[in-house]
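Participant: Turn these sequences into a full structure, and let the hints guide you.
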Amino acid sequence: MPRARKRPAGAARPDKKGPEGKRTKTENPGEASAKVENSSLQETSASKDCGKNLSSYWLMKSEPESRLEKGVDVKFSIEDLKAQPKQTACWDGVRNYQARNFLRAMKLEEEAFFYHSNCREPGIVGLMKVDVQFVRMMKRFIPLAELKTHHQAHRATGGPLQNMALFTRQRLSVQPLSREEFDFILSLEEKEPS
DNA sequence: GCCAACGTTGGC
DNA sequence: GCCAACGTTGGC
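Under this note's numbering, the first residue of the first sequence carries the number 5, and numbering increases by one thereafter.
Simulated from the structure, these hints should not be mistaken for lab results.
It is possible that some hints are incorrect.
To be verified - Taking lysine-lysine pairs in the BS3-like style, the calculated list, with each CA pair at most 25 Å apart, reads:
(1) LYS111 x LYS86
(2) LYS86 x LYS143
(3) LYS133 x LYS86
(4) LYS133 x LYS74
(5) LYS90 x LYS111
(6) LYS143 x LYS74
(7) LYS74 x LYS90
(8) LYS90 x LYS143
(9) LYS111 x LYS133
(10) LYS90 x LYS79
(11) LYS79 x LYS133
(12) LYS152 x LYS90
(13) LYS143 x LYS79
(14) LYS152 x LYS195
Unchecked claim - Cβ pair distances, simulated, as ranges:
(15) THR161 x GLU196: 27 to 37 Å
(16) SER191 x ALA160: 17 to 27 Å
(17) SER191 x LEU72: 32 to 42 Å
(18) THR161 x GLY75: 39 to 49 Å
(19) GLY75 x ASN100: 17 to 27 Å
(20) ASN100 x CYS123: 16 to 26 Å
(21) LYS195 x ARG173: 43 to 53 Å
(22) GLU73 x ARG124: 12 to 22 Å
(23) SER198 x LYS90: 31 to 41 Å
(24) ARG173 x GLU113: 38 to 48 Å
(25) SER70 x ALA160: 21 to 31 Å
Virtual Cβ for every residue (Gly too), placed ideally from N, Cα, C.
Facilitator: Structure representation (structure tokens):
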């Protein structure tokens, strides 16, 4: 279950058991708000610019279709995010330590793609800012298959998606993107679906 | 629903 | 600290 899943509103800690019921409202933005706790984060194409580029970009996966995990529905789509108070949610349910380290490394206001996983049409659906708050839908859905096509081409040509974590670190539910990766993906919005 | 890929656990 | 067994992720 390292996949991200959120709970309604101010959701609190991951392992709360129990009837999902109402959660007490927390002002705490949750793990995703991240203070940099830092550390030895893994080097990826996105994390190696040694300080000159202070911003980071992220991709966060969540499942938009219902699926029970230990009796709890892990579904959390971008529509669900929009429906939260302030369109903001707590990104809990991440257990993988590497993904958790990335959550801790996030800084407020950094931009993140919302990715729908384990569903009929996997792909990037929208943009969020770390808090985690809805920003906007993508101008068009960017399917996994299209990203993969570019990734494969870029491996040959040295293009921006050549090392994209979505393909090189599969199963990582929270992952960093370099600015080049982020900008390239944004540029796809303006193009015809391939 | 299948199952490959990969992470985690735990005995030794 | 190795590594086999087991569990999870997530595309298909």
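Participant: For every hint, state whether the structure bears it out.
Facilitator: Each hint tested on the structure:
1. LYS111 x LYS86: holds, 21 Å
2. LYS86 x LYS143: Holds, at roughly 16 Å.
3. LYS133 x LYS86: holds, 13 Å
4. LYS133 x LYS74: violated, 30 Å
5. LYS90 x LYS111: Holds, at about 19 Å.
6. LYS143 x LYS74: violated, 36 Å
7. LYS74 x LYS90: With a Cα-Cα distance of about 29 Å, the restraint between LYS74 and LYS90 is violated, given a limit of 25 Å.
8. LYS90 x LYS143: holds, 22 Å
9. LYS111 x LYS133: holds, 9 Å
10. LYS90 x LYS79: holds, 19 Å
11. LYS79 x LYS133: holds, 20 Å
12. LYS152 x LYS90: violated, 33 Å
13. LYS143 x LYS79: holds, 23 Å
14. LYS152 x LYS195: holds, 16 Å
15. THR161 x GLU196: 27 to 37 Å: Violated - the Cβ-Cβ distance for THR161 and GLU196, about 20 Å, lies outside 27 to 37 Å.
16. SER191 x ALA160: 17 to 27 Å: About 19 Å separates the Cβ atoms of SER191 and ALA160, which means 17 to 27 Å holds.
17. SER191 x LEU72: 32 to 42 Å: holds, 38 Å
18. THR161 x GLY75: 39 to 49 Å: For THR161 and GLY75 the Cβ distance comes to about 47 Å; the hint holds.
19. GLY75 x ASN100: 17 to 27 Å: Given a distance of about 21 Å, which is inside 17 to 27 Å, the answer is holds.
20. ASN100 x CYS123: 16 to 26 Å: Taking Cβ atoms as reference, ASN100 and CYS123 lie about 20 Å apart, which means the hint holds.
21. LYS195 x ARG173: 43 to 53 Å: violated, 26 Å
22. GLU73 x ARG124: 12 to 22 Å: holds, 19 Å
23. SER198 x LYS90: 31 to 41 Å: For SER198 and LYS90 the Cβ distance comes to about 36 Å; the hint holds.
24. ARG173 x GLU113: 38 to 48 Å: Given about 25 Å between the Cβ atoms, the range is violated.
25. SER70 x ALA160: 21 to 31 Å: violated, 39 Å
Checked against the numbered hints given earlier, this structure breaks hints 4, 6, 7, 12, 15, 21, 24, 25; the rest are met.
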